[in-house]
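Enquirer: Sequence:
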Amino acid sequence: MQGRLKQPALFSGRGEIRIGRSTIGVWPSPFFLNGYAHIEAREVTAKIVIGANSHLNNNAVLIAERSSISIGDNTLIGHNFSAYDSDFHCLEPSLRSSGLQQSQAVSIGSNVFIGADVTVLKGVCIGDNSVIANGSIVNSDIPENVVAGGIPAKILRTLA
Numbered sequence: 008m009q010g011r012l013k014q015p016a017l018f019s020g021r022g023e024i025r026i027g028r029s030t031i032g033v034w035p036s037p038f039f040l041n042g043y044a045h046i047e048a049r050e051v052t053a054k055i056v057i058g059a060n061s062h063l064n065n066n067a068v069l070i071a072e073r074s075s076i077s078i079g080d081n082t083l084i085g086h087n088f089s090a091y092d093s094d095f096h097c098l099e100p101s102l103r104s105s106g107l108q109q110s111q112a113v114s115i116g117s118n119v120f121i122g123a124d125v126t127v128l129k130g131v132c133i134g135d136n137s138v139i140a141n142g143s144i145v146n147s148d149i150p151e152n153v154v155a156g157g158i159p160a161k162i163l164r165t166l167a
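Numbering (my numbering), first residue to last: 8 to 167.
These are calculated hints, taken from the structure and not from any lab test.
Be a bit skeptical, because a hint or two may be false.
[Said to hold, decoys possible] Computed Cβ-Cβ distance ranges for the label pairs, DEER-style:
{"hint": "1", "residue 1": "L166", "residue 2": "L12", "range": "28 to 36 Å"}
{"hint": "2", "residue 1": "L83", "residue 2": "P15", "range": "19 to 27 Å"}
{"hint": "3", "residue 1": "R103", "residue 2": "Q9", "range": "34 to 42 Å"}
Predicted, not measured: the structure shown is a model, and the values here were computed from it.
Ideal placement from N, C-alpha and C gives every residue a C-beta, glycine not left out.
Start from the sequences and build out the full structure, keeping to the hints where you can.
Expert: This is the structure we're talking about:
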């Protein structure tokens, strides 16, 4: 890790975690004193990569089960952010404990601004220079140079 930790963080799993010259945790900011970042590359095939000069605010959770989560350079992410490459259990009741759930990569581009309390789900790609509004749940791709928000997140406008 080349970055700076400004909040306690738990790094776990059997996969690969690479963090460029970025910052995890912010002071002064909400939740600085009552939480921690959780970054987990669960299985040996899992990979989490955070580019250079990106900032993840307090209480970020990134869990890559079998695939990957990547965050580009110069990206700003608000507090209580979550990104997951898996549902972690099959939806079919008889298969929930089978371990057969699918993982799909999550890709967050460069120069992206993600507000507080945002969740990004498996298989999502957020394009460069985009903005994701506070409280959004992103379950499908967001192209570059747009503002998106809502549950589920939809394109609200294009950036110049």
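Enquirer: For each hint, tell me whether it holds in the structure or not.
Expert: Structure-based check of all given hints:
1. L166 <-> L12: 28 to 36 Å: Between L166 and L12, where Cβ atoms are some 31 Å apart, the hint holds.
2. L83 <-> P15: 19 to 27 Å: Check passed, 21 Å falls within 19 to 27 Å.
3. R103 <-> Q9: 34 to 42 Å: Because 39 Å falls inside the window, the suggested range holds.
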